[in-house]
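Novice: These are the residues of each chain, in order.
There are 2 protein chains.
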Amino acid sequence: MTHKLALIGFGNVGKEFVRLLRAKEARLREDYGIEWKLTGIASRRVGWIANPNGLDTEALLAGRCPECPAWAAPKNVREWLEEADPDVFFEATSLDRSAGQPAIDHLKAALESGAHAISANKGPIVHAYRELRDLARAKGRKFLFESTVMDGTPIFSMVPHSLPAVELRGFRGILNSTTNVVLTEMEKGLTLDEAVKKAQEIGVAETDPSDDLDGWDAAVKVAALVIVLMDVPIKLEEIERVGIRGISPEEVRAARAAGMRYKLVCRAERTPNGDHAEVRADARAEAPAGVRAGVRVGVRAGLRASVRPEQLPLSDPLALLEGTTSALRFDMDVFGLSIIEHKPGVIATAYGLLADFIRAVSGAPIS
Amino acid sequence: MTHKLALIGFGNVGKEFVRLLRAKEARLREDYGIEWKLTGIASRRVGWIANPNGLDTEALLAGRCPECPAWAAPKNVREWLEEADPDVFFEATSLDRSAGQPAIDHLKAALESGAHAISANKGPIVHAYRELRDLARAKGRKFLFESTVMDGTPIFSMVPHSLPAVELRGFRGILNSTTNVVLTEMEKGLTLDEAVKKAQEIGVAETDPSDDLDGWDAAVKVAALVIVLMDVPIKLEEIERVGIRGISPEEVRAARAAGMRYKLVCRAERTPNGDHAEVRADARAEAPAGVRAGVRVGVRAGLRASVRPEQLPLSDPLALLEGTTSALRFDMDVFGLSIIEHKPGVIATAYGLLADFIRAVSGAPIS
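Going down the list, the protein sequences come from chains A and B.
Residues in the first sequence are numbered from 98 upward in steps of one, following my numbering.
Residues in the second sequence are numbered from 98 upward in steps of one, following my numbering.
Hints are computed from structural coordinates only; laboratory data are not their basis.
Mixed in with the good hints, there may be bad ones.
What follows is a list of derived Cβ distance ranges for each label pair [claimed, not checked]:
| # | chain 1 | residue 1 | chain 2 | residue 2 | range |
| --- | --- | --- | --- | --- | --- |
| 1 | A | E419 | B | E419 | 34 to 40 Å |
| 2 | A | S345 | B | G442 | 40 to 46 Å |
| 3 | A | S191 | B | L411 | 35 to 41 Å |
| 4 | B | R266 | A | S195 | 37 to 43 Å |
| 5 | B | L411 | A | D305 | 35 to 41 Å |
| 6 | A | E334 | B | D182 | 54 to 60 Å |
| 7 | A | A196 | B | R116 | 44 to 50 Å |
| 8 | B | G211 | A | D328 | 34 to 40 Å |
| 9 | A | G442 | B | A120 | 40 to 46 Å |
| 10 | A | S412 | B | I299 | 16 to 22 Å |
| 11 | B | G151 | A | E334 | 33 to 39 Å |
Keep in mind that this is a model prediction, so the values were computed, not measured.
In this text, a Cβ means the ideal position worked out from N, Cα and C, and glycines have one as well.
Working from the sequences, and respecting the hints, build out all of it.
Specialist: What follows is the structure, encoded as structure tokens:
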């Protein structure tokens, strides 16, 4: 069966995803009986492009769009979906942290049109997870989003399938690459600004690194994990969030000299209901000295979640992480489990979309 | 629906599994619609016990068997299966490394009787994986074995479901607890014999620790991983296997002083077909000095696999593992992924059986 695919967002991730679809074409056909054609693509640059017979992906990847003049008729997502008529829709636009838009509207429109909806965008998980999940169920379609946290690393697909009936008590991890690179460079003697510049030069940090340095990117990931895996509809402002701007190079180096490393650590753990006051006090007491003044503490009854710089001993596997490597440790009733993603490139995010595609269209469990 | 369960092997793992079934009873019913009764149990001590109406698990766990006189009629596995009439069969007897028996016969009989077959026993994977897999398919039943490697940690369930269409190039890991504990104690100054005694005292090493010290337990796990995940029907004798008896406490301590740690490392990687000579030379050159004389090199065309002591730098996350903690790192085309299981107890193995049970009887993918 040939699946019609439509993709919004044709930046690094979107392009890499199309490349990976092409590279894995034979494997998909032979191992999964999956064939595909790209019938729709949309981005700020190319506009709303649709061709129900399939677009020329090679030309699109080469920056050409021979069909654009003929097929650029749609003016919005609904017209575009009608024209492209996808079986599977992929959302790969950039994050809008405050409301998750317009990605949420894209995903809703796709589900309503009868397509499976796959998102690499975290905003919709944080702002509309339950609504999208319920809409997908009502439509008999899948809403999947593996690549929103730790790229293609199995998290959202692993927990329900591979860890059924566990009691997930909490997690901790390192989920932001920019701060990881910046803190490592500060250990070597750079100032914060110099370290950020270095992270930008190697392609890890964005032009405006505020979302990373202030802990927003990590907090959005914590929210997604808590909402989906712990079934608690936490809001971003309920996550304690301390960035790394308040830590001086001297503090970073002093920690290193003492056998410790500063890392921006993400945490969530269940607490007894209503245990607000104590949690709030704890959180303040544990905040690193340099940032205590600017701490913002938000706690939801029954759960405490935080993103903040912590000093970790070198015996902690999280302390060893370098560069884009990220890690997550789950605390469960049956055992503890850590997942480490080693030095992923953009292909890892693209793979998350591909794996979700396979899971969405394989009716039976993949085994 | 109430599932009838039958279990062979009522040692530590079997008992813990029954305890966990009881502890998770409400969760199974509420979240998965699963009810169960234990209709058969068999072990060297209690014999073949079956009661199609359900055995008294509380009494069995307390070491009593009120129904034994009445129900101990079956004389072998087939009579017992007929009497217990299980929907799901669990194999938890101890490992027979050389032939995988009688566990293979148990699993075959169970599948032929129409039950799903779940094994905590590695022998059948190493000696009869394809046969059992094909028999299960022919019978429309599941053959699952998550707890054979790293207990309940998602490995065999994760790769097909959560990592579809990846190219698995190889893996490395630390999969044996006894040698991990023994090498750590030798770093602290104990001799091999003293360290083994310590490992026995804390319940990690068995009375006869040869299978662990000589690398057999680790080699069996490597074989299972290669056979199932890399689809190469490797034999145990094709895995290079060097145990830790040849390393002196002085060598262990000298490594530690130099910022390295000896670990019994498991490895497998694909090689070009027929690349035997080069691989053989490599393997010898890399073997630790103290054990070079006793090295046994076995290589299969297209794949090299080994279990041997290696010196790892402290910057390698594998070097940090202590006690029963185990880890596996997958080398894939899309990214690298490590899984760490932290300090599992016997409940982790029991959980692997429980998770397989849920996966076997949930018709649809669990998501």
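Novice: Taking the hints in turn, state whether each one holds.
Specialist: Results for each hint:
Checked against the hint of 34 to 40 Å, the C-beta distance between E419/A and E419/B comes to roughly 22 Å, which is inconsistent with it. Hint check: S345/A to G442/B, Cβ distance near 43 Å, so the stated range 40 to 46 Å holds. A hinted range of 35 to 41 Å holds for the C-beta pair S191/A and L411/B, which are about 39 Å apart. At about 42 Å, the beta-carbon gap between R266/B and S195/A stays in the expected band of 37 to 43 Å.
Distance hint check: the CB atoms of L411/B and D305/A are about 37 Å apart, consistent with the given range 35 to 41 Å. Here the CB-CB span from E334/A to D182/B is close to 56 Å, well matched to the stated 54 to 60 Å. Evaluation of the 44 to 50 Å hint for A196/A and R116/B yields a pass: the beta carbon distance comes to about 48 Å. Hint check: G211/B to D328/A, Cβ distance near 36 Å, so the stated range 34 to 40 Å holds.
Between G442/A and A120/B the beta carbon distance is about 43 Å. The supplied range of 40 to 46 Å therefore holds. Look at S412/A against I299/B: about 20 Å separates their beta carbons, and that is inside 16 to 22 Å. Checked against the given bound of 33 to 39 Å, the beta carbons of G151/B and E334/A, roughly 51 Å apart, lie outside it.
Violated hints, in rising order: 1 and 11; the structure is consistent with all others.
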